[in-house]
Amino acid sequence: MTLNEQPDAAPTDALITLDTAWIVRWIRQSAEVLAANRTALNTLDRDIGDGDHGENMDRGFQAILPKLEGLAVETTPGAVLKLLATTLISTVGGAAGPLYGTAFLKASGAVGSVESLDAAALVALMTAARDGIVLRGKAESGDKTMIDAWTPAVNAGASAHAAGSGVGAVLLAAADAASGGAQATDPLVARKGRASYLGERAVGHRDPGAQSTALLLRAAADTALATE
Amino acid sequence: MTLNEQPDAAPTDALITLDTAWIVRWIRQSAEVLAANRTALNTLDRDIGDGDHGENMDRGFQAILPKLEGLAVETTPGAVLKLLATTLISTVGGAAGPLYGTAFLKASGAVGSVESLDAAALVALMTAARDGIVLRGKAESGDKTMIDAWTPAVNAGASAHAAGSGVGAVLLAAADAASGGAQATDPLVARKGRASYLGERAVGHRDPGAQSTALLLRAAADTALATE
Amino acid sequence: MVMKKLINDPKNVVNEAVAGFAEAHADIVRVSHDPIFIVRSDAPIHGKVGIVSGGGSGHEPLHGGFVGYGMLDAAVPGPVFTSPTPDPILAATQAVDGGAGVLHIVKNYTGDVLNFETAADLASAEGIEVRAVIINDDVAVKDSLYTAGRRGVAGTVLVEKITGAAAERGDDLDAVVAVAEKVNSRVRTMGVALTPCVVPHAGEPSFVLADDEIEIGIGIHGEPGRERIKLEPADAIVDRLLAPILEDLPFVSGDKVLLFVNGMGGTPQVELYIVFRRAAEVLKQQGITVTRSLVGNYTTSLEMAGTSISVLKLDDELTSLWDAPVQTAALRWGR
Amino acid sequence: MVMKKLINDPKNVVNEAVAGFAEAHADIVRVSHDPIFIVRSDAPIHGKVGIVSGGGSGHEPLHGGFVGYGMLDAAVPGPVFTSPTPDPILAATQAVDGGAGVLHIVKNYTGDVLNFETAADLASAEGIEVRAVIINDDVAVKDSLYTAGRRGVAGTVLVEKITGAAAERGDDLDAVVAVAEKVNSRVRTMGVALTPCVVPHAGEPSFVLADDEIEIGIGIHGEPGRERIKLEPADAIVDRLLAPILEDLPFVSGDKVLLFVNGMGGTPQVELYIVFRRAAEVLKQQGITVTRSLVGNYTTSLEMAGTSISVLKLDDELTSLWDAPVQTAALRWGR
Ligand SMILES: Nc1ncnc2c1ncn2[C@@H]1O[C@H](COP(=O)(O)OP(=O)(O)O)[C@@H](O)[C@H]1O
Ligand SMILES: Nc1ncnc2c1ncn2[C@@H]1O[C@H](COP(=O)(O)OP(=O)(O)O)[C@@H](O)[C@H]1O
Ligand SMILES: [Mg+2]
Ligand SMILES: [Mg+2]
Ligand SMILES: [Mg+2]
Ligand SMILES: [Mg+2]
Numbered sequence: 001m002t003l004n005e006q007p008d009a010a011p012t013d014a015l016i017t018l019d020t021a022w023i024v025r026w027i028r029q030s031a032e033v034l035a036a037n038r039t040a041l042n043t044l045d046r047d048i049g050d051g052d053h054g055e056n057m058d059r060g061f062q063a064i065l066p067k068l069e070g071l072a073v074e075t076t077p078g079a080v081l082k083l084l085a086t087t088l089i090s091t092v093g094g095a096a097g098p099l100y101g102t103a104f105l106k107a108s109g110a111v112g113s114v115e116s117l118d119a120a121a122l123v124a125l126m127t128a129a130r131d132g133i134v135l136r137g138k139a140e141s142g143d144k145t146m147i148d149a150w151t152p153a154v155n156a157g158a159s160a161h162a163a164g165s166g167v168g169a170v171l172l173a174a175a176d177a178a179s180g181g182a183q184a185t186d187p188l189v190a191r192k193g194r195a196s197y198l199g200e201r202a203v204g205h206r207d208p209g210a211q212s213t214a215l216l217l218r219a220a221a222d223t224a225l226a227t228e
Numbered sequence: 001m002t003l004n005e006q007p008d009a010a011p012t013d014a015l016i017t018l019d020t021a022w023i024v025r026w027i028r029q030s031a032e033v034l035a036a037n038r039t040a041l042n043t044l045d046r047d048i049g050d051g052d053h054g055e056n057m058d059r060g061f062q063a064i065l066p067k068l069e070g071l072a073v074e075t076t077p078g079a080v081l082k083l084l085a086t087t088l089i090s091t092v093g094g095a096a097g098p099l100y101g102t103a104f105l106k107a108s109g110a111v112g113s114v115e116s117l118d119a120a121a122l123v124a125l126m127t128a129a130r131d132g133i134v135l136r137g138k139a140e141s142g143d144k145t146m147i148d149a150w151t152p153a154v155n156a157g158a159s160a161h162a163a164g165s166g167v168g169a170v171l172l173a174a175a176d177a178a179s180g181g182a183q184a185t186d187p188l189v190a191r192k193g194r195a196s197y198l199g200e201r202a203v204g205h206r207d208p209g210a211q212s213t214a215l216l217l218r219a220a221a222d223t224a225l226a227t228e
Numbered sequence: 001m002v003m004k005k006l007i008n009d010p011k012n013v014v015n016e017a018v019a020g021f022a023e024a025h026a027d028i029v030r031v032s033h034d035p036i037f038i039v040r041s042d043a044p045i046h047g048k049v050g051i052v053s054g055g056g057s058g059h060e061p062l063h064g065g066f067v068g069y070g071m072l073d074a075a076v077p078g079p080v081f082t083s084p085t086p087d088p089i090l091a092a093t094q095a096v097d098g099g100a101g102v103l104h105i106v107k108n109y110t111g112d113v114l115n116f117e118t119a120a121d122l123a124s125a126e127g128i129e130v131r132a133v134i135i136n137d138d139v140a141v142k143d144s145l146y147t148a149g150r151r152g153v154a155g156t157v158l159v160e161k162i163t164g165a166a167a168e169r170g171d172d173l174d175a176v177v178a179v180a181e182k183v184n185s186r187v188r189t190m191g192v193a194l195t196p197c198v199v200p201h202a203g204e205p206s207f208v209l210a211d212d213e214i215e216i217g218i219g220i221h222g223e224p225g226r227e228r229i230k231l232e233p234a235d236a237i238v239d240r241l242l243a244p245i246l247e248d249l250p251f252v253s254g255d256k257v258l259l260f261v262n263g264m265g266g267t268p269q270v271e272l273y274i275v276f277r278r279a280a281e282v283l284k285q286q287g288i289t290v291t292r293s294l295v296g297n298y299t300t301s302l303e304m305a306g307t308s309i310s311v312l313k314l315d316d317e318l319t320s321l322w323d324a325p326v327q328t329a330a331l332r333w334g335r
Numbered sequence: 001m002v003m004k005k006l007i008n009d010p011k012n013v014v015n016e017a018v019a020g021f022a023e024a025h026a027d028i029v030r031v032s033h034d035p036i037f038i039v040r041s042d043a044p045i046h047g048k049v050g051i052v053s054g055g056g057s058g059h060e061p062l063h064g065g066f067v068g069y070g071m072l073d074a075a076v077p078g079p080v081f082t083s084p085t086p087d088p089i090l091a092a093t094q095a096v097d098g099g100a101g102v103l104h105i106v107k108n109y110t111g112d113v114l115n116f117e118t119a120a121d122l123a124s125a126e127g128i129e130v131r132a133v134i135i136n137d138d139v140a141v142k143d144s145l146y147t148a149g150r151r152g153v154a155g156t157v158l159v160e161k162i163t164g165a166a167a168e169r170g171d172d173l174d175a176v177v178a179v180a181e182k183v184n185s186r187v188r189t190m191g192v193a194l195t196p197c198v199v200p201h202a203g204e205p206s207f208v209l210a211d212d213e214i215e216i217g218i219g220i221h222g223e224p225g226r227e228r229i230k231l232e233p234a235d236a237i238v239d240r241l242l243a244p245i246l247e248d249l250p251f252v253s254g255d256k257v258l259l260f261v262n263g264m265g266g267t268p269q270v271e272l273y274i275v276f277r278r279a280a281e282v283l284k285q286q287g288i289t290v291t292r293s294l295v296g297n298y299t300t301s302l303e304m305a306g307t308s309i310s311v312l313k314l315d316d317e318l319t320s321l322w323d324a325p326v327q328t329a330a331l332r333w334g335r
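Residue numbers (the working numbering), protein chains in the order written: chain A, 1 to 228; chain B, 1 to 228; chain C, 1 to 335; chain D, 1 to 335.
The shape of chain A in the complex, shown without the other chains (with noise of 0.2 Å):
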């Protein structure tokens, strides 16, 4: 099976794992939804930041699109997300980019070189994920940024998983919390990024980062679920 082949079927229930197949499709499920979110997320940075998160998004997907057709069938699911990582910091800049890019250059060390993905290593991929934010931009909890979507992702990723939840459901699971997280930055005050010049005027706005990390684990879940 060459990575650009659909599964010819696929296991059920939690003893089923991803593969480096997932992962590609995965991120070309997000370039998709990115590109269709360009101008929304665009506007919800113009509203309290700059107005280019979509657009920095958008770029930093469309330049990983090409190297994913070239890939050897050996690579493992940490070495796309290494490749992802690199990608981002070199395509996407603003904050976004380093932020994003520090993500999966983490989440690919996390995983290290297994050749598949089982839940436990999805929710380690997330932890590090957001961990790696929390180191490069020091942000908390509650300070309206896209660790507000990362951070109930991991927790409902985690409780999934001792659940004995599988793959698809961890991840559905986390797209879930993700989104609850993104509508929650909504009525907040920011204390990070462009956001927090804006003082209360940030409330009743959504963070665009937060609501790009709910997008990018909608598409995680999505292929996951498309797989099973």
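Since the hints were made in silico from the structure, they are not lab data.
On a predicted model such as this, the values are computed, not experimentally measured, just so you know.
Among the hints, a few may not be true.
[Stated by the list, open to error] Straight-line alpha carbon distances no greater than 25 Å define the calculated PhoX-like cross-link-like pairs of lysine-lysine that follow:
id, chain 1, residue 1, chain 2, residue 2
1, C, 284, C, 313
2, D, 313, D, 256
3, D, 4, C, 230
4, D, 256, D, 284
5, A, 138, D, 142
6, C, 230, C, 142
7, D, 11, C, 230
8, C, 313, C, 256
9, C, 11, D, 230
10, D, 230, C, 4
11, B, 138, C, 142
12, D, 256, D, 230
13, C, 230, C, 256
14, D, 142, D, 182
15, C, 182, C, 230
16, B, 82, B, 138
17, B, 67, C, 11
18, A, 82, A, 138
19, A, 67, A, 82
20, C, 142, C, 313
21, C, 4, D, 4
22, D, 182, D, 230
23, D, 142, D, 230
24, D, 313, D, 182
25, B, 67, B, 82
26, D, 313, D, 142
27, D, 11, A, 67
Assemble the complex: chain A is given as a structure, and chains B, C and D with the ligands must be docked to it using the hints.
What follows is chains B, C and D with the ligands alone, placed relative to chain A:
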């Protein structure tokens, strides 16, 4: 009688003459009319020029007002015209400043040092004014400039005088002809001044300088007739 | 609509701006407030030809920003977009007269020409030798019997710089006049407006353009130009501006030129450099070499968005005069 | 509404502008197109500390216009209003490394700080000693635990000029860093916007102001500031901007300062000088002496109408470094 008093009564018919007091009233009336038409003249000039003609004329005629206060009783009409000329030259700027300035300088020369103006003197005054503008601006009739108001005015005034009219009727004829002349600039293409840059696009717009000339001559007729 | 400007009273715009200019550049200029003009702090310079320019305000840095060593001796700002009267022109002429005569650099507008003419007559009457050079670099207007002639636009900056250098090196009045005429005869300009400007005393836009319209051949007071067209990509607009410039002189393969991309006031620098890139490309394609360049807001129309392109055919003399030191508020090098 | 700009494709704005810039200023700079950065034509200079700055485009002449003798060694332009990525920053750092270390001058925005940080890490890994100074002169934003800290705005120009002079005279990396920190610690800025700007890729205004509203404390990317108020006379607006600047350092009677009135891009020069006039007047009233000044569009937000006022407390060292020769596209004197 001081210069600022109204005459007690006025003689009628062609033997009447206009003195310095009239020139002063004419200038004051002109200042009032130009102030009232400042925006209208700016608008005409915005359509086919640079939008400042009302501003320029208003600035000039406001500047002469205080100077009229201190006039010595023996000041001749010619001396007031010269004061008007130098004031316009040093305050109006633009094309209109030197053109009207030269007009009234030449008019002042034409009336010499007589103490009051009869119909013949008024015709000489207007003719000299028009010739002064042509000397400085080199415009011909039909070039869509203030000349297109002045020349009909001079001709109508001269005809009225030849037909035996008095000062009031001469100025009324001139004012009517100037109004007609200004109106007749509407369909013209301009060949002098800023409007000449527009080519065909000037068609359908009145020349602001022709309009201000019509206003000045109307004020002259109105104040002369009020004197009668 | 409220007019949105950083001003106090429309009537005081020029006075207050000149006062601020005098404060900011006290090392280079002095200012007379009544009548109003800006003069080199070391004027008059004995034995040097004095150079005076001026015209309506609203085109800054033209002309006050070009007063100083190696360029103008004095600048006379009129009200916004309105020629100054003869009085301040005369006073400025007297202030810079170092005994070698004075050159008036006058943009070709009826008002400017007439007011400078009157001032020159008055100065001559006082024994100052005055000559005038009329700048008419704008190819948008046909120079014919049927117009007031070509307008003077951004090319004026190049005339002022190069002529100023000639006066600074000690050329006599005839020679200075000859240099000014030479530059004027070799420079061609054409502009475009994307948006109008609002003159403070008017409080309304000087003309109206639809959201997708631009005015090709705009004058620097918002006078209409050749044609009103739909917005196009920058490269296409540049091509429209350059073609009549190049065919007018004409500029031909082998020419060395100064390429000047001027901002009208409201256009960001990135756009001016995009314009420059294309203009340089077209010139190169035609075998014309850009050996000197100038990019920026030098002859503006308040906050108008737009640009003009000027091309000046250089020779060794003009090039070395261009390179000569200049020290003004808006143009400075070599000292 | 159609976006009215002299551009070809929004995606090519920065590339084409940088290409035009390179053509126009080939005597001063070279340009690398991939990755994109602008570098002094004589870089690297052996034994001189290299100075690199950069950030989102749209603030021109910041930073590319300040590359040259006595100022920056390289500038790294990101997309419009978006920090560049580490790759071009690293490449620029390598290109200017003359063996004496490299200083990064970084405006305080999360994106800029993080990307420069990454580039510095990568450069260090290659044996280049890199130090960063973060500029945060904007008093509109409270520097507290609850914000990303004060933004770097127009004061950056003063840091770049003065620090560039220190590097040019041969200061070592520690000394150059100390000068940059000193200038940053003594300069305060506050801005106002009258109209928004349109980022090319967005095609819509970055914020919306009513016809009679202005934004006090605006950031250079259109970030909102302290408060939105009704339009006022220029003098009143200047007073609003100056008060928090003066009380912040604080500036006190007897201080000698550089007064910098910066245009945001779409504001005519007459207005900037009206602002300067009032600012100088207020300073004089408070016993503060303006000994140096700068007026013009130096840190812009595309075509935004507005201004910022920066006040820098001078001493003999900073004054003489300010006066030292500089030869860049946008700031030039002494050579
Ligand atoms: N310190 C930080 N920690 C975590 N996330 C941050 C931080 N600063 C900014 N962000 C995130 O980055 C997003 C903005 O990204 P983007 O618009 O691409 O960059 P920029 O703010 O430089 O324009 C914000 O919505 C927020 O979620
Ligand atoms: N050469 C000329 N001869 C006669 N009148 C002229 C000439 N040029 C311009 N004018 C008149 O001047 C008027 C414009 O005056 P004004 O707006 O005050 O000056 P400017 O054109 O310098 O802004 C025109 O409407 C026209 O009547
Ligand atoms: Mg952003
Ligand atoms: Mg006019
Ligand atoms: Mg005018
Ligand atoms: Mg950004």
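Point to revise | Ascending list of hint numbers which this structure does not respect | key: 12, 13, 15, 22
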